[in-house]
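Chemist: If you're matching them up, the sequences are chains A and B in order. With this note's numbering applied, the first sequence covers 9 to 174. With this note's numbering applied, the second sequence covers 9 to 174.
The hints are simulated quantities; they were obtained by calculation from the structure and are not laboratory data. One or more of the hints may lead you astray.
Since the list gives no way to pick out one identical chain from another, each pair is judged satisfied if it fits inside one copy or across any two copies.
Unchecked claim - SDA-like mimics (lysine to any residue), calculated; alpha carbons at most 20 Å apart, straight line:
#1 LYS107 x HIS43
#2 LYS47 x PRO29
#3 LYS127 x ALA24
#4 LYS127 x LEU87
#5 LYS107 x PRO29
#6 LYS127 x ARG115
#7 LYS127 x ASP157
#8 LYS51 x ASP96
#9 LYS51 x GLU134
#10 LYS127 x PRO70
#11 LYS47 x GLY110
Number of protein chains: 2
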Amino acid sequence: MQASTQPLYDLREGEALSALPSQPDAALYFIGRIHTPWKEREKCPRQGRIDGPVCRIEIFEPWAAGLEGIEAFESLEVLYWLHLSRRDIVKQCPRNDGKARGVFSLRSPLRPNPIGLAKVRQERIEGRFLEVRGLDCLDGTPLIDVKPDRCLYSPQVPPKPLEDKS
Amino acid sequence: MQASTQPLYDLREGEALSALPSQPDAALYFIGRIHTPWKEREKCPRQGRIDGPVCRIEIFEPWAAGLEGIEAFESLEVLYWLHLSRRDIVKQCPRNDGKARGVFSLRSPLRPNPIGLAKVRQERIEGRFLEVRGLDCLDGTPLIDVKPDRCLYSPQVPPKPLEDKS
């Protein structure tokens, strides 16, 4: 139960908490950091826009070689860790709404596993920095993953032999 | 350094490892389990298809209330944990390809943070079970998150007041 480590939050009517498990099930590594113009949560846009400002994704050194070949993909998916989010609110009322709904029917940052997901357009790559448009997160947000957008990505191998050796 | 706990894997020419950090940075909870027809990794399709077989997403009890309202969204994003994946391969050669590329230019399951991401179509909801099409993962895969698809989701609030209270 990690309620005591959760950020402060006044529940609204209809909202509900779920106790968090005492033990985590898997561990994440922060593989980089996202630099955006938004220094406070209140200033972050509600959703990223592909014509929004250029943001800079920094990949930490151990994973910099993972960027090789990424210039081929204009559209990318970025996963990041919403590090300030409370995790135990299972039903929420979005601000200015008033109707409580389950967390899985919302894209709220408050989630049991607060992973943000954005589709971005690649603008430029410079060493271990990737410049993109389409993000909506706070400056300094920890990076979890970058993938070619599934809409664009075709594996460059026959369609269904054995799966990658994983 | 967790190399000793990684699944066995013979490196191909051009592939490169990165040592994993000794400490994780964040913890995930498995909030459910995904039931699919694929019992072995070799049988999993390379990418999910929206006309593929119906799969069943089980939400564990503490989070079942999080499903309320989800029936409004035909298209969902599902995040899951690729629990059998080695995490320290920073450059990879996909099978039958032969050209090593950085992990961030591939949708391979072998990644520093092995999170899979699928866009699925909701078929039915029954208690804490969600039936969907479009998955490609192994039977028993741990569930991390479900969100309304960003392409369809419009926050039901004015476009840019203060951000959700998170």
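Chemist: Of the hints given before, which are not true for this structure?
Modeler: 1, 2, 3, 5, 8, 9, 10 and 11
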